[in-house]
Amino acid sequence: MQSFYPLETITIKEKVIMSQSIIRVNQLHKSYVTGSNSLHVLKGLDIDIKEGEMVSIMGSSGSGKSTLLNILGILDNYDQGEYYLNDILIQKMSERKAAAFRNKYIGFIFQSFNLISFKNAMENVALPLYYKGVSRKKRNAKALELLDRLGLKDWWNHLPSELSGGQKQRIAIARSLISEPKVILADEPTGALDTQTSYEVLEILKEVNSTGITVIIVTHENDIANMTQRIIRLKDGIIESNHTNVPLADKSSHAIYVNP
Amino acid sequence: MIDYIQEIFSTLRQNKLRAIMTGFSVAWGIFMLIILLGSGKGLENGMEFNFRNTSKNALWIWSRRTQVAHDGLKAGRRINFTVADGDILKRKFEDDMDNFSGRFHLWGDYAVTYKNEYGDFRIEGIMPEFKKIQLVDMLQGRYINEFDIKQFRKSIIISEPVQKHLFKDEEEKPIGKYIRVNGVPFMVVGTFLDPEDKDKKQLYMPLTTTQRIFNGNNRLTEMAISTNATTVAENKRIEDEVRDLLIERHRVAPDDKQAIGIWNTLENFKQAQGVFAGIRMFVWVIGIMTIIAGIVGVSNIMIILVKERTKEIGIRKAIGASPFSIIRLVLSESVLITALAGLMGLIAGMGLLAGVSAILQQVAVENQDVQRAFFNPSADFNVALSALVILVTAGLIAGYIPARKAAAIRPIEALHDE
Ligand SMILES: Nc1ncnc2c1ncn2[C@@H]1O[C@H](COP(=O)(O)OP(=O)(O)OP(=O)(O)O)[C@@H](O)[C@H]1O
Ligand SMILES: [Mg+2]
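The listed protein sequences correspond, in order, to chains R and Z. Each residue of the first sequence is one higher than the one before, starting from 1 at the first, in the numbering used here. Each residue of the second sequence is one higher than the one before, starting from 1 at the first, in the numbering used here.
Excised from the complex, chain R in its bound form (with noise of 0.2 Å):
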């Protein structure tokens, strides 16, 4: 028993070690096809990316960031090269197929927020488990639980129209949240916030990292980049930098491993 116990932590410290590829790609390539035009746009990217992770994606504009995160969240078709997903090769599949996978792995948080305008802040954020078949009272119950944290307890009620941008973000980012996924892609989530909510949206997103969750930001801003662990650059659709941010690594790096 005694020689048992301190086995237990070697594994797990090699599981933190070695941590599971979450996301990874090789040699993706990606064009657009318009008419007799064709747009190369992503041209052999190699990413790899351990669960738990935090990191952000930048680039100029038009250098293929949503595309390649349409790519990693399933919503487009890559031409060439691998892409691995909680190590299952996603391929050309079933538009069934990729809506039940984007239910069970990703979330999705975009710029614009893009809630139902017409369902109150808690259907919305209720609504991935409506398509996961969770009874409504289950999935009501789950959603209020995720305002509350969210700190939007008193606004569950309330049309996307009436709420401010920051708190459209949140009820974005918990409707991200109810399914569990394992991973998280933010399309420019803090694009149409000022400042200050930024930071508070970003403070959200670290949190979300802690418990756990992989989490991808594509971003133009360079301190909201510099709050994650990790910066990818593109440039032409290849990968111009990638390197870690070791300042801020160390204090969320722990947090992953404190609750894996």
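If you are wondering where the hints come from, they were derived from the structure by calculation, not from laboratory data. Incorrect hints may appear among the rest.
Chain R regions said to be covered by chain Z (calculated; three or more residues, Cβ under 8 Å) [claimed, not checked]:
{"id": "1", "stretch": "108-117"}
{"id": "2", "stretch": "121-132"}
Below are the EDC-like pairs computed for lysine to aspartate or glutamate, each with C-alpha atoms no more than 16 Å apart in a straight line [stated by the list, open to error]:
{"id": "3", "chain 1": "R", "residue 1": "Lys132", "chain 2": "Z", "residue 2": "Glu7"}
{"id": "4", "chain 1": "Z", "residue 1": "Lys405", "chain 2": "R", "residue 2": "Glu95"}
{"id": "5", "chain 1": "R", "residue 1": "Lys132", "chain 2": "Z", "residue 2": "Asp3"}
{"id": "6", "chain 1": "R", "residue 1": "Lys137", "chain 2": "Z", "residue 2": "Asp3"}
{"id": "7", "chain 1": "R", "residue 1": "Lys182", "chain 2": "R", "residue 2": "Glu221"}
{"id": "8", "chain 1": "R", "residue 1": "Lys119", "chain 2": "Z", "residue 2": "Asp3"}
{"id": "9", "chain 1": "R", "residue 1": "Lys138", "chain 2": "Z", "residue 2": "Asp3"}
Derived contacts from chain R toward chain Z, CB cut-off under 7 Å, selection only [said to hold, decoys possible]:
{"id": "10", "residue": "Asp76"}
{"id": "11", "residue": "Glu95"}
{"id": "12", "residue": "Arg102"}
{"id": "13", "residue": "Asn103"}
Just so we're clear, the structure is a prediction, and the values are computed from it rather than from any experiment. Here a beta-carbon is modelled for each residue, glycine too, at the ideal position from N, C-alpha and C.
Chain Z with the ligands: place on chain R using the hints.
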């Protein structure tokens, strides 16, 4: 399931006005269909009412003067049926006939008196079986029976209008009272109502008695047969054979249509029915055309709706809605709009028919002609059921193209920020 319905309603509520406008065209289509079908039914009922007092497969046989010379006999000879004709018909057509009655019609109206009351009425001698050929509703007493015939009884049955005419004291019971026909006393044994013509002033007495008292000897002015034929062709065959037999017996030229006449009710009934079947089909065609117009309307609006909701559908797909669930959403909305609207049209149509029917029934109490032309217009349960099936199908068809469009929406394009 409840969840799913709530989901549909929450999106429909979003476009209330549009849903109502769309539904209106469908409601209108169904409303028109019901009204048209109901009216057709009303006309048909009116027609059936005209045949109500006759056995539906009856042959009415009468005789006139011959038109052409035949077999050494001159034209213009009066053909008279006799009891022997009846006996032979009864024997030869035993297998084809349900009922036979010889008739002795007194020409013109005869004076009938009771106490100080007096009137001229139609009088006819008949056999008990006549009850099954010319249907009447007995009000009091009985019909003419076998004993009346055998014993040459002076029994008589009178229609209600005759009773009202002769028995001014409404308290007075006519049964057992003696009325005089041409001065001869007859005992009233029954009163009746002709359902076809409630104002008909008619008296029936035993055939044998009539022949004896009014110098009929063994003559029959007319004969009536109800056959057991179930098809027009069968009844027609019996008619032809009866005609052949009578033509031969009375030495009438085969092409002399005037001398011996036969009115085949089944044939005429079926002919009328055929006309109404035609009308009914025509009505269905028009109704369905109207509904198709409604479907196209719903379909159009749903397509616009789907276009407007591109973003919402994109969001739904991004968070895990399968194409099937999107198709289901759009189709359900379409079916719901059409079914609900159609149901309202159905209820409105049925309501109107019921109202008209009630009014007609009141009018009919005073004026029978109404009943004869147009009576009890109604769409029955089967029609309502068919309409319902049509509605749901219509909803599915109307929603199909928009639903396909919705399912084909690509989230990346839908969510693209302008
Ligand atoms: N659906 C599409 N069809 C054709 N071309 C497209 C499509 N989506 C994007 N593109 C093109 O691909 C390139 C990359 O677009 P993308 O949206 O990935 O850039 P981005 O890095 O997200 O830019 P931004 O920072 O402005 O959001 C652009 O030149 C864009 O015009
Ligand atoms: Mg972009």
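* Asked: Looking back at the numbered hints, which does the structure fail to meet, lowest number first?
  -> 7
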